[in-house]
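S.K.: Residue-level listing of the chains:
2 protein chains.
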Amino acid sequence: MRIAIDAMGGDHAPDEILEGAIESIKQLDKDDSLILVGQAEVIESKLGAKNLKKYAESLKIVNAPEIIDMDEAPIEAIRKKRHSSISVMVKLAADGQADIVISAGNTGAFVAGCQMRMRNIEGLNRPGIAVVFPTFEGPVTMCDVGANIACKPINFYQYALMASVYSKHILGIDNPRIGIMSIGEEDAKGNEIVKKARELIKSDPKMNFIGNIEGSDIFKGKCDVAICDGFVGNVVLKLTEGLVDGLFKVIKHEIMQESMRLALKFKPIMMRMYQKYDYNEYGGAVLLGVNGTAMICHGSSKSRTIKNAILTCKEFYNQKINEKIKDYLSTTTVKEIDEQ
Amino acid sequence: MRIAIDAMGGDHAPDEILEGAIESIKQLDKDDSLILVGQAEVIESKLGAKNLKKYAESLKIVNAPEIIDMDEAPIEAIRKKRHSSISVMVKLAADGQADIVISAGNTGAFVAGCQMRMRNIEGLNRPGIAVVFPTFEGPVTMCDVGANIACKPINFYQYALMASVYSKHILGIDNPRIGIMSIGEEDAKGNEIVKKARELIKSDPKMNFIGNIEGSDIFKGKCDVAICDGFVGNVVLKLTEGLVDGLFKVIKHEIMQESMRLALKFKPIMMRMYQKYDYNEYGGAVLLGVNGTAMICHGSSKSRTIKNAILTCKEFYNQKINEKIKDYLSTTTVKEIDEQ
Chain A
24 MRIAIDAMGG
34 DHAPDEILEG
44 AIESIKQLDK
54 DDSLILVGQA
64 EVIESKLGAK
74 NLKKYAESLK
84 IVNAPEIIDM
94 DEAPIEAIRK
104 KRHSSISVMV
114 KLAADGQADI
124 VISAGNTGAF
134 VAGCQMRMRN
144 IEGLNRPGIA
154 VVFPTFEGPV
164 TMCDVGANIA
174 CKPINFYQYA
184 LMASVYSKHI
194 LGIDNPRIGI
204 MSIGEEDAKG
214 NEIVKKAREL
224 IKSDPKMNFI
234 GNIEGSDIFK
244 GKCDVAICDG
254 FVGNVVLKLT
264 EGLVDGLFKV
274 IKHEIMQESM
284 RLALKFKPIM
294 MRMYQKYDYN
304 EYGGAVLLGV
314 NGTAMICHGS
324 SKSRTIKNAI
334 LTCKEFYNQK
344 INEKIKDYLS
354 TTTVKEIDEQ
Chain B
24 MRIAIDAMGG
34 DHAPDEILEG
44 AIESIKQLDK
54 DDSLILVGQA
64 EVIESKLGAK
74 NLKKYAESLK
84 IVNAPEIIDM
94 DEAPIEAIRK
104 KRHSSISVMV
114 KLAADGQADI
124 VISAGNTGAF
134 VAGCQMRMRN
144 IEGLNRPGIA
154 VVFPTFEGPV
164 TMCDVGANIA
174 CKPINFYQYA
184 LMASVYSKHI
194 LGIDNPRIGI
204 MSIGEEDAKG
214 NEIVKKAREL
224 IKSDPKMNFI
234 GNIEGSDIFK
244 GKCDVAICDG
254 FVGNVVLKLT
264 EGLVDGLFKV
274 IKHEIMQESM
284 RLALKFKPIM
294 MRMYQKYDYN
304 EYGGAVLLGV
314 NGTAMICHGS
324 SKSRTIKNAI
334 LTCKEFYNQK
344 INEKIKDYLS
354 TTTVKEIDEQ
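Protein sequence lines correspond, in order, to chains A and B. Counting from 24, one number per residue, gives the positions in the first sequence under the numbering used here. Counting from 24, one number per residue, gives the positions in the second sequence under the numbering used here.
These aren't lab readings, by the way, just hints derived from the structure by calculation. Among the hints, erroneous ones may be present.
The list treats identical chains as interchangeable, and a pair is accepted whether it falls inside one copy or across any two copies.
[Unchecked claim] The list that follows gives simulated cross-link-like pairs (lysine-lysine, BS3-like), each with its CA atoms no further than 25 Å apart:
1. Lys245 <-> Lys272
2. Lys175 <-> Lys219
3. Lys272 <-> Lys218
4. Lys49 <-> Lys337
5. Lys245 <-> Lys275
6. Lys290 <-> Lys325
7. Lys243 <-> Lys175
8. Lys275 <-> Lys290
9. Lys325 <-> Lys243
10. Lys49 <-> Lys347
11. Lys77 <-> Lys349
12. Lys290 <-> Lys272
13. Lys275 <-> Lys225
14. Lys114 <-> Lys337
15. Lys77 <-> Lys104
16. Lys299 <-> Lys275
17. Lys229 <-> Lys76
18. Lys299 <-> Lys288
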């Protein structure tokens with residue numbers, strides 16, 4: 024398979040991106056290839072002649088002279104910067120020249136680029152971003168975390184469909200329990216869209232739907248898949264990041280006040296925990312619903328994250344997740360509700 | 024002042040509720056009185072003759088034979104159970120016989136009861152629930168966390184107004200920085216309602232408005248007040264609870280795997296942290312915007328929380344927060360946007 028990587032995207036690009044790509048090579052198959060997209064001269068000089076020669080068969084460089092900055096307005100950037108690494112990369116995918124696209128750059132631009140250039144899977148209305156939360160009780164897949172902030176009931180249903188396929192075949196969870204984010208467990212709770220979405224999901228007997236879940240349930244092992252609109256999902260994702268960081272800051276402060284020796288003993292445990300429950304373990308978030316495999320990595324991604332992203336995408340591709348989603352979509356009788 | 028407490032509401036009612044009430048008495052003023060609302064016989068027998076005699080001047084019992092269960096449908100419960108502790112209590116406030124109402128019972132029923140029986144502050148469209156997050160960088164007041172899931176722009180503006188008055192006069196934060204929860208820092212980010220709300224808040228030069236904030240910013244010391252609709256706020260509140268619990272579970276597990284001795288050393292630090300950053304410190308969440316002082320306590324509240332709730336409410340009343348909100352509302356020129 025052909026894996027295209029945005030070499031210029033992210034806070035630590037291009038160094039960490041290239042390092043992650045190189046690290047992944049030994050875990051790839053013989054007929055896999057990496058396409059490094061970005062400023063060719065920069066990439067070549069960073070890789071060095073030795074690497075270029077050593078991995079000549081696995082590496083291809085595609086020149087893209089422009090860079091989309093992290094804080095540029097997404098859609099405008101995609102339209103204007105046609106020679107940026109993101110634009111060139113999504114075009115490769117659209118033209119059937121790349122099977123997988125990965126970027127740690129401007130998330131909005133990357134998602135917009137994928138949506139504008141790669142088509143949706145047949146029968147799918149709107150793509151959604153799925154992120155995996157590694158909790159004490161097991162991994163929870165949440166969709167959508169930012170692609171679609173104006174969700175219709177059918178979008179929720181399709182997010183449930185896609186995320187459960189992902190949960191089953193990538194995370195190995197048999198018959199994943201699907202919950203919809205709301206503000207109380209009872210059926211009567213939630214806004215109108217959520218209530219309609221719930222009815223739609225309920226009407227599909229193939230889904231293991233458990234109904235409403237609350238914010239706390241994500242970490243209580245109550246569900247394997249959590250469905251929400253992109254606004255709520257994005258707040259949840261960012262809040263989780265901020266809260267975990269904030270809490271570790273508090274713990275560090277308190278332990279250091281107690282005793283420096285205790286702090287030193289606690290440090291390796293904290294590091295281990297960080298690794299174990301780090302969602303970078305999965306590389307990033309997948310944009311479910313586009314024709315192809317697209318993974319959004321965090322802007323702060325280092326080489327390990329990029330390597331993991333490549334390996335997760337390879338699994339996504341090998342497991343034919345998109346084929347499975349397409350099959351499910353073609354057989355379901357659940358259709359969009361007419362909205363006045 | 025007259026402080027009415029729902030003696031029957033909460034997982035640990037009536038014992039912990041009554042204990043908290045008794046504990047608060049020594050910090051109250053001479054002319055303050057506690058009104059314990061609930062099944063009179065039960066309250067009397069739990070308090071015992073000794074307490075009843077000792078605190079005869081500070082305690083009053085109002086009989087309310089019915090109980091609204093924690094999982095009853097709120098509005099129906101309020102309508103049907105007119106002799107429940109919640110119904111009787113909010114009626115006392117509506118009739119001017121109680122200045123403060125506090126309940127750890129069914130949140131939905133209590134909020135619905137307050138909204139149905141006590142009127143809104145003059146000029147206020149919809150009440151909102153404000154909760155204080157004690158973060159490493161200082162307390163952050165978030166409003167709304169569940170009273171209003173279908174917010175109009177004017178509601179967001181008024182939540183900003185009320186929460187900043189609260190932040191200033193209860194938490195002592197001068198000129199609090201107000202942010203609106205969205206999914207990116209740039210002005211263009213957010214859904215339509217949030218964008219309109221932002222314009223409305225911006226149009227008031229008296230507000231220290233910093234624009235969009237993301238989920239992570241709450242714990243980064245970026246704002247003192249965070250505004251959102253009740254759906255998003257409720258998800259945030261519950262997620263925070265669940266994540267903190269989940270994270271401490273992980274830490275405990277990892278430390279115990281390392282060494283039992285280390286775990287024992289870490290325990291008191293964890294307990295201290297729990298106390299320091301426990302939002303029960305503030306007693307509960309205030310329902311801002313109703314005529315009177317209403318505080319919603321967590322269902323799991325123990326005596327300490329109830330005592331803190333009583334003291335926070337006393338401060339709210341003494342600081343004349345509602346008068347200050349009313350004054351602000353009467354002078355602002357910001358009005359509702361006409362919506363097609």
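S.K.: Classify it for me, Lys299 with Lys275: is the Cα-Cα distance of at most 25 Å met within a copy, between copies, both or neither?
M.R.: This pair counts as both: shortest intra-copy Cα distance 18 Å, inter-copy 14 Å.
S.K.: Go through the copies and call it for Lys275 and Lys290: within, between, both or neither, with a Cα cutoff of 25 Å.
M.R.: Close inside one copy (9 Å) and across copies (14 Å); limit 25 Å.
S.K.: If the cutoff is 25 Å on CA atoms, where do Lys275 and Lys225 land: within, between, both or neither? Let me know, please.
M.R.: Neither: 45 Å inside a copy, 38 Å across copies.
S.K.: Up to 25 Å between alpha-carbons, please classify Lys77 paired with Lys349: within, between, both or neither.
M.R.: Classified as neither: same-chain Cα gap 39 Å, cross-chain 74 Å, threshold 25 Å.
S.K.: Evaluate Lys299 and Lys288 at a C-alpha cut-off of 25 Å and name the case that applies: within, between, both or neither.
M.R.: For Lys299 and Lys288, both the intra-copy (18 Å) and inter-copy (23 Å) Cα distances are at most 25 Å.
S.K.: Is it within, between, both, or neither for Lys49 and Lys347, if the alpha carbons may be no more than 25 Å apart?
M.R.: Neither way: Lys49 and Lys347 sit 28 Å apart in one copy and 67 Å across, limit 25 Å.
S.K.: My question is about Lys245 and Lys275: at a cut-off of 25 Å on alpha-carbon distance, are they close within one copy, between copies, both, or neither?
M.R.: between (30 Å within a copy, 21 Å between copies)
S.K.: If the cutoff is 25 Å on CA atoms, where do Lys290 and Lys272 land: within, between, both or neither? Let me know, please.
M.R.: both (12 Å within a copy, 17 Å between copies)
S.K.: How would you label the pair Lys49, Lys337 (within, between, both, or neither) given a Cα cut-off of 25 Å?
M.R.: within (13 Å within a copy, 67 Å between copies)
S.K.: Is it within, between, both or neither when you check Lys272 against Lys218 at 25 Å Cα-Cα?
M.R.: For Lys272 and Lys218, neither the intra-copy (39 Å) nor the inter-copy (33 Å) Cα distance is at most 25 Å.
S.K.: Up to 25 Å between alpha-carbons, please classify Lys114 paired with Lys337: within, between, both or neither.
M.R.: The answer is within: 20 Å in one copy meets 25 Å, while 63 Å across copies does not.
S.K.: Could you place Lys290 and Lys325 in one of the four classes (within, between, both, neither) given a Cα distance threshold of 25 Å?
M.R.: For Lys290 and Lys325, the Cα distance is within 25 Å only inside one copy (21 Å; across copies 34 Å).
Comparing the model with each earlier hint shows violations of hints 3, 7, 10, 11, 13, 15 and 17; every other hint is respected.
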